[in-house]
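These protein sequence lines are chains A and B, in that order. Per this note's numbering, residue 1 is the first one in the first sequence, and the count goes up by one each step. Per this note's numbering, residue 1001 is the first one in the second sequence, and the count goes up by one each step.
Worth double-checking, as some hints may not be accurate.
[Said to hold, decoys possible] On the chain A side, residues computed to face chain B include the following (Cβ under 10 Å): (1) T30; (2) D65; (3) V69; (4) F71; (5) R91; (6) V94; (7) P98; (8) W112; (9) R131; (10) L133.
Read the hints as simulated data drawn from the structure, not as lab findings. Since the structure is predicted, the reported quantities are computational estimates derived from the model, not experimental observations. From the three backbone atoms N, C-alpha and C, an ideal C-beta is built for every residue, glycine too.
Here is what each chain is made of, one letter per residue.
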Amino acid sequence: MYPNDGFRELDRSECLGLLATVPVGRIVHTRHALPAVLPVNFCLDADFAVLLRTSEDSELACAIDGAVVAFEADEVDAAAHSGWSVVVTGRATVVTDPDEHRRLSRTGPLSWVASPKEAFIRIESELVTGRELVGGRTVYGVDLQS
Amino acid sequence: MAATLPGAGQAARHAELIEPSTEECRVRFLGHGIGRLAIDTPEGPFVAATPSSTVRSPLGRHPIRTTAVGADVAYEVDHIDEALSQRWSVLIRGRAWAVTDPDIVHRLQALAYSGPRAGGERGMWVSLDPRSITGRRIAVR
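Working from the sequences, and respecting the hints, build out all of it.
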């Protein structure tokens, strides 16, 4: 039986591997002292920082520049109690270097809503945690609860 | 590893951003299974994926449970439909309270676990007292 009530903790490399398989995650930050959650397109940079693309003067860019944020992605099947969830926590910075900006314009994440002046945000993957949910079944489909 | 996406250098198609009514947000939220609970902590924001319709939280098994109760939290659900080029998200914010009334806990357990897992799981039930329900819908044409 699973000591942690149906999930296991993932190590950093497992987490980053799963993160690379989905195009959308959620940025979690504090706005007016209240937490806010927003789905965003992202990708991982070569050093595994999370990269977001937003309009330069967006409320998001202003709110999180220099702040510690969390970034979450998951694929969960509620009915089957299976799937995974990964959270990256780290400091967010708006990319200001023009060469970096150019590089990311070519290789960085898409933004769903285009804007005339775009900014890239990096979230350092300082803390990476994740869980894999396990349905009450073995790989052979036997119900472990019975 | 995510590399250059097809069309990454092209301008986006026309994207329409809509702020749905509270009622639409509520309807979308109620139909959804998994969301993310977000709490502000001294170490930074904490977020966990957790089922919504059961109002159950894994917080009972998390070391920061005492931080969440009585705190202002956010709960978010979203859906991305690549085929329709549409996405929506709903954000509920309010105060989190631990459900301690044994009759209510019993009723919630029964609602949540009517199948083979009945009686199996324990954990803390957290009720979210919604102060605001907002959302966004983006459609790309």
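Which numbered hints fail: Numbers 2, 6 and 7, in rising order.
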